[in-house]
Amino acid sequence: MENVGLFLCTGCEIGAAIKTDGLESLARECGAKSFVMHPFLCSEEGVATIRKAVDDGSVDSVLIAACSPRAKTAEFRFDPLKVSVERTGLREQVAWSHPHGEEDTQMLAEDLLRMGLVRIKKNILPKPLDETIEKTVLIVGGGMAGLSAAKAVAGMGHPVVLVESSARLGGSMAGVKDAAPERPPYGELHKNTIGELISAVQGDPSVRVLLQARTVHIAGQPGQFTVDVESPSGKETFQAGAIVQATGASPYDATKLGDLGYGLTPDVVTSVDLDRMIAKGEIRRPSDGKPPRRILFVQCAGSRDPAHLPYCSSECCVTTLRQVAAVHRDLPGMECAVVYRDMRTPGQMEHFYQAVQEQPGSMFTRGEVAKVEKGPEGNLVVRLKDSLLGPDAALQADLVVLAVGMIPNSADSEAIRALRDARVGAEKGDSDVQRAHAAKVAEELAFHEGTEILNLEYRQGPDLPVLRYKFSDSHYICFPYETRRTGIYAAGTVRAPMDAAQAAEDGWGAGLKAVQCISAATRGEAVHPRAGDISVADFSLQRCTQCKRCTEECPFGAINEDVKYTPQYNPMRCRRCGTCLGCCPERIINFPEYSIDAIGSMVKAIEVPDEVDEKPRVVAFLCENDALPALDEAAARRLSWNPWVRVIPVRCLGAVHVVWIADAMARGIDGVLLIGCRKGDDYQCHYMTGSELANKRMENIQETLTRLKLESNRVRILEISRNEFDRIPQIFADFEKTIEETGPNPMKGF
Amino acid sequence: MNVSSPRPLLVVGAGIAGITAALEAAEAGKEAVLVEREQAVGGRVLRSHQYFPKLCPPSCGMEINVRRLEKNPRIRALTGARVAKANRSADGWSVTIAVSPRFVNERCTVCGECAKVCPAKVPDPFNLGMNEVSAIRLPHPDAWPRRFVLDRSACPSGCKACVDACAYDAIDLNAAGREETIEASAVVLATGWSPYPIEKLPEFGGGRFQDVVANVNFERLASPSGPTGGKILRPSDGTPPKKIAFVQCAGSRDVNHLPYCSAVCCLASLKQATYVKEQIPDAEVTMYYIDRRAPGRNEDVLTKVAAMEGVKLVKGKVGKIEECAGGLKLRLEDVEAGRILEAFADLVVLATGMVSSLKGEKPPFEVGMDDDGFGLDNPGASLFIAGVARRPEDVAASVRDATGAAAKALMAVRRSA
Chain A
0 MENVGLFLCT
10 GCEIGAAIKT
20 DGLESLAREC
30 GAKSFVMHPF
40 LCSEEGVATI
50 RKAVDDGSVD
60 SVLIAACSPR
70 AKTAEFRFDP
80 LKVSVERTGL
90 REQVAWSHPH
100 GEEDTQMLAE
110 DLLRMGLVRI
120 KKNILPKPLD
130 ETIEKTVLIV
140 GGGMAGLSAA
150 KAVAGMGHPV
160 VLVESSARLG
170 GSMAGVKDAA
180 PERPPYGELH
190 KNTIGELISA
200 VQGDPSVRVL
210 LQARTVHIAG
220 QPGQFTVDVE
230 SPSGKETFQA
240 GAIVQATGAS
250 PYDATKLGDL
260 GYGLTPDVVT
270 SVDLDRMIAK
280 GEIRRPSDGK
290 PPRRILFVQC
300 AGSRDPAHLP
310 YCSSECCVTT
320 LRQVAAVHRD
330 LPGMECAVVY
340 RDMRTPGQME
350 HFYQAVQEQP
360 GSMFTRGEVA
370 KVEKGPEGNL
380 VVRLKDSLLG
390 PDAALQADLV
400 VLAVGMIPNS
410 ADSEAIRALR
420 DARVGAEKGD
430 SDVQRAHAAK
440 VAEELAFHEG
450 TEILNLEYRQ
460 GPDLPVLRYK
470 FSDSHYICFP
480 YETRRTGIYA
490 AGTVRAPMDA
500 AQAAEDGWGA
510 GLKAVQCISA
520 ATRGEAVHPR
530 AGDISVADFS
540 LQRCTQCKRC
550 TEECPFGAIN
560 EDVKYTPQYN
570 PMRCRRCGTC
580 LGCCPERIIN
590 FPEYSIDAIG
600 SMVKAIEVPD
610 EVDEKPRVVA
620 FLCENDALPA
630 LDEAAARRLS
640 WNPWVRVIPV
650 RCLGAVHVVW
660 IADAMARGID
670 GVLLIGCRKG
680 DDYQCHYMTG
690 SELANKRMEN
700 IQETLTRLKL
710 ESNRVRILEI
720 SRNEFDRIPQ
730 IFADFEKTIE
740 ETGPNPMKGF
Chain B
0 MNVSSPRPLL
10 VVGAGIAGIT
20 AALEAAEAGK
30 EAVLVEREQA
40 VGGRVLRSHQ
50 YFPKLCPPSC
60 GMEINVRRLE
70 KNPRIRALTG
80 ARVAKANRSA
90 DGWSVTIAVS
100 PRFVNERCTV
110 CGECAKVCPA
120 KVPDPFNLGM
130 NEVSAIRLPH
140 PDAWPRRFVL
150 DRSACPSGCK
160 ACVDACAYDA
170 IDLNAAGREE
180 TIEASAVVLA
190 TGWSPYPIEK
200 LPEFGGGRFQ
210 DVVANVNFER
220 LASPSGPTGG
230 KILRPSDGTP
240 PKKIAFVQCA
250 GSRDVNHLPY
260 CSAVCCLASL
270 KQATYVKEQI
280 PDAEVTMYYI
290 DRRAPGRNED
300 VLTKVAAMEG
310 VKLVKGKVGK
320 IEECAGGLKL
330 RLEDVEAGRI
340 LEAFADLVVL
350 ATGMVSSLKG
360 EKPPFEVGMD
370 DDGFGLDNPG
380 ASLFIAGVAR
390 RPEDVAASVR
400 DATGAAAKAL
410 MAVRRSA
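Chains A and B supply the protein sequences, listed in that same order.
Positions 0 to 749 (numbering that gives the first Met the number 0) are the ones given, in order, by the first sequence.
Positions 0 to 416 (numbering that gives the first Met the number 0) are the ones given, in order, by the second sequence.
Just so you know, these hints were derived from the structure itself, not from any lab.
Honestly, I wouldn't trust all of these hints.
Calculated pairs, BS3-like style, for lysine-lysine (alpha carbon to alpha carbon, straight line, at most 25 Å) [said to hold, decoys possible]:
| no. | chain 1 | residue 1 | chain 2 | residue 2 |
| --- | --- | --- | --- | --- |
| 1 | B | 199 | B | 358 |
| 2 | B | 316 | A | 121 |
| 3 | A | 81 | B | 70 |
| 4 | A | 384 | B | 199 |
| 5 | B | 358 | A | 51 |
| 6 | B | 241 | B | 361 |
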């Protein structure tokens, strides 16, 4: 930006903490065109002075040196297309956290002002996207979740194409007679209304249903997906703006449950088999076609078991209750025994549990089934362990129902991609060793062959990445619909284990997310978590060396490659996290208001005292999502920390470039801290893998340090949670101690 | 999308469900008004130390949600606000909102000078009354709107110490409430829940024994922003407990109290056991349960905690708790062994359930409820229920539910447009 205005607030103790007399000349030296000091900048009068300078064109960019960028956001919001705004948190980082009037405090404030001023000069105004956006939503999967999503999307005024791989709609609920009571009366069975839902969707003129169909290719980005579908009526191509994947789950393979008697006799069946019998109105022993007298239900058949499915499938307890109630209705007087480890009937399902328990013929007993054996009279003997009925209790039954869990119908995108890469490597690898290794990998991953569902043309693989237990979940408690593919939302049992009612809700929610993504694309805005951001990345491709790091590391698969490995950026897939900027060795990726040069200039603007002054300097890159709020909170509580630390907020640790650290070292800064969100299985990183990638890059950083003949402990990466404000002073103190022990940076003064 | 009708969607309640419903609708291009009774958004979730299963702080997601709220031009949040009147209009609702005076205006910079001089102390509602705060204060550390509030009823007669201390002219002791009427196209009720009062459990000494605390209070004891700065201490003597008992289904799955299961208490206790073990590694933790309900991948939490040294999970129903020398004596039925047992603890956490807000003072909409006070959608009236006002459920389910409710509301809006 050309004309930077520095607006310095002296309220909230800032004026008392620092001497302001020399600041105007400091600002001018750093290129500020105007300097305004105000005792109460966030007041109407204060904001008016900024607005006037913006409106009369005397400034094109505004550095607000006042409170944290997280405070007073409404007051300090200006049209992002007209003026670039940056904030320097003098209040939190200086006035509230450091002793007033001291030399170190003054130096800190002056450094922060220099840093803010040089940064904003490097900003450019964003140019918003203006693209043609398709409103149609593609829904893959026509079960409860997919149908509900279709109803929601169509209801919100968007066309829908619903692609179902089987010959009929309804998914796993289609063959089921009853529904568990999701609304009152809770004590009894309800009618399964999937038929009405199917009719409503089929009868909706804005929904096109394609049966026995599959997506063979999906290219493009949110708002502009090109979808190829194959069905018995041929191949067709259409445009879609967003996608809901509701491909459901499959029952766990009961043939793996030999100990529970499956395969031993036909009279050991699964809950899916029993649902078929109930739907046909013929609850019979498969062996002799006679009605059973006693049915025994085995809960957690293969679930909550590390040898099979370690998780709980969430719905099997209620499914069994539904089936027991149906058996009592269809065959009064029949005995139904249920052997369970824990009955899981959360919420109002507890009423249903009580009601079914009270029905004559119901018996619920806590225990585990050790073995199911053939009994003497053609019946079955179910041997229990760890049961209330005694150490070696056994129960007789003439039909055993295994309440099997669910496995998501997902495709392991990353594995498929690894398989494809390995196949290429096996053929075109550089050496025999490499080709042999690739061939071995390909063999190990061969079972993923043909498991593709969406067939996305994404560098990072053809489907949604799967997470724990192969569910296409986000792992976010607060944001369950967020996936790692922008505009593609998972819903129903492919996302997490859930029952039919929950799957319906999930479909509604995912439908809204799809509509929302299209709405944001229409406005040229990013979606979660930087919803509303209108900036996009700029790739200076003439300097690209085709190293493929950005295409590999983007957490959202936003960047494809052409045949020469040149990155192809898809702005509407981009979440603006800056991970690509952080990984590019050629520094060719930049955002209008977050660039390598801008942040690097901040580092270079720090004044580094001579060694004799014994004032070490530390640069701390803080993630703006959790670490910076924790710092603000520490300041609000007037905690104090080492005044030699210079904080630079970043979008994510993934958006920290190694060159900034090298710059800091070259400048004689004694240490660099990177503080971000938790990584690993329970990640809290809002860009999923940013924090993880930053940790991996630390290896390169260590190399850089070694090359510069510097100690590796000068750079440290740490995790902090949003609520751990109390750790902030200690983190800085500990690091300062390390730096003191290590001694001053030998590059000082060069 | 043809939902850009000028009449907004009205969302009542700004806990995690309400915030989500309003944000998801607004980010889909719809105008939304979010009405919150308290003086800051966030509701119950911000009073939790961590969420299960990831053991992460609620303020982490709320940080993003607040940023979304601040940035979105289509959403308006009214705090300290209640629905005073609601009438069906031709194709929506005409709703009168009563906004109570905050006595602190937008000029507040949260500098805190007023609190320093305030002579009046009140029980801190954010910390469930476990400590005292100034009558003038930030509602809680993560409060949004980020502005102080004054509990005027606590002011000593004639006192204006805060007004004199405020350099920004942000305090108006004579501020008046106001009313505004909103013509809403549809309504989402996300009014949440309250904890089942432990005073209703005299057999457990609820409300009488200091060292018998509710799970919601235990969350505050573990939170760095709580009354003990995050240290788990016995309320009676301020010492770290050594033997902690979690009593599951305290007043839940019980026809005399709450007949339903509150769906979160098993995981809440498992999560709280991790707080204890992290702070007091040699503490003995026992959890007395009827069923261990950890659906989905929450099973991992159960597996992890059950394997921790010093943690025991006992299938048993606690019948009575008495004070005894140096602690508390629990009488329980050990269901496995079929006998009555006694156990000792020096701190007991009652895993109490969730009571639907609609059971108490409910907003004036014609809302259908089940026998337990959980709300039922009324699509014909463009009235939808989200979160725990609809059904006992955890945070992720509330978010899913609220997103779905927003979708239903937008669909109803379009149908009526």
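Consistency of the hints with the structure:
Proposed proximity of residue 199 of chain B and residue 358 of chain B is supported: the alpha carbons are some 16 Å apart, at most 25 Å. Taking the CA atoms of residue 316 of chain B and residue 121 of chain A, the gap is about 66 Å. The hint is violated against a cut of 25 Å. Under the criterion of a C-alpha separation no larger than 25 Å, the hint pairing residue 81 of chain A with residue 70 of chain B is consistent with the structure, at around 17 Å. At roughly 38 Å between alpha-carbon atoms, residue 384 of chain A and residue 199 of chain B are farther apart than 25 Å, so this suggested pair is violated.
Using a Cα cut-off of 25 Å, the hinted pair residue 358 of chain B and residue 51 of chain A is violated, with the two alpha carbons roughly 53 Å apart. Taking the CA atoms of residue 241 of chain B and residue 361 of chain B, the gap is near 42 Å; set against the 25 Å cutoff, the hint is violated.
Hints 2, 4, 5, 6, counting from the list given before, are not met by this structure.
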